[in-house]
Amino acid sequence: MNGYEFELFTADLFRKMGYTVKLTKQTGDQGIDVIAVKNRTSLGVQVSAILIRFLIRQ
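Counted the way this note's numbering counts, the sequence shown spans residues 1 to 58.
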């Protein structure tokens, strides 16, 4: 899952929780990726996908 796909995934989670969701543009968004609104409350969400790999040698 790349960064944009993770933004879509996060937006979908907020939709399922009853929020109205807007994705911001990819650049110049001041770090906010998803805007979620519910009951006159707005949330600005910054999404970050980090790939962590572990290498275990024996």
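Calculated from the structure, these hints are not laboratory results. A hint or two may mislead.
What the hints assert, rightly or not - What follows is a list of derived Cβ distance ranges for each label pair: (1) Arg40 x Met1: 27 to 35 Å; (2) Arg40 x Asn2: 15 to 23 Å; (3) Ser42 x Asp12: 16 to 24 Å; (4) Leu43 x Glu5: 26 to 34 Å.
Bear in mind that the values here come from a model prediction, so they are computed numbers and not experimental data. Every residue, glycine too, gets a C-beta built ideally from N, C-alpha and C.
Status of each hint after checking the structure:
1. Arg40 x Met1: 27 to 35 Å: Because 32 Å falls inside the window, the suggested range holds.
2. Arg40 x Asn2: 15 to 23 Å: violated (33 Å)
3. Ser42 x Asp12: 16 to 24 Å: This hint holds: roughly 18 Å between Cβ atoms.
4. Leu43 x Glu5: 26 to 34 Å: 20 Å Cβ-Cβ, so the 26 to 34 Å window is violated.
This entry does not satisfy hints 2, 4, going by the numbered hints stated previously.
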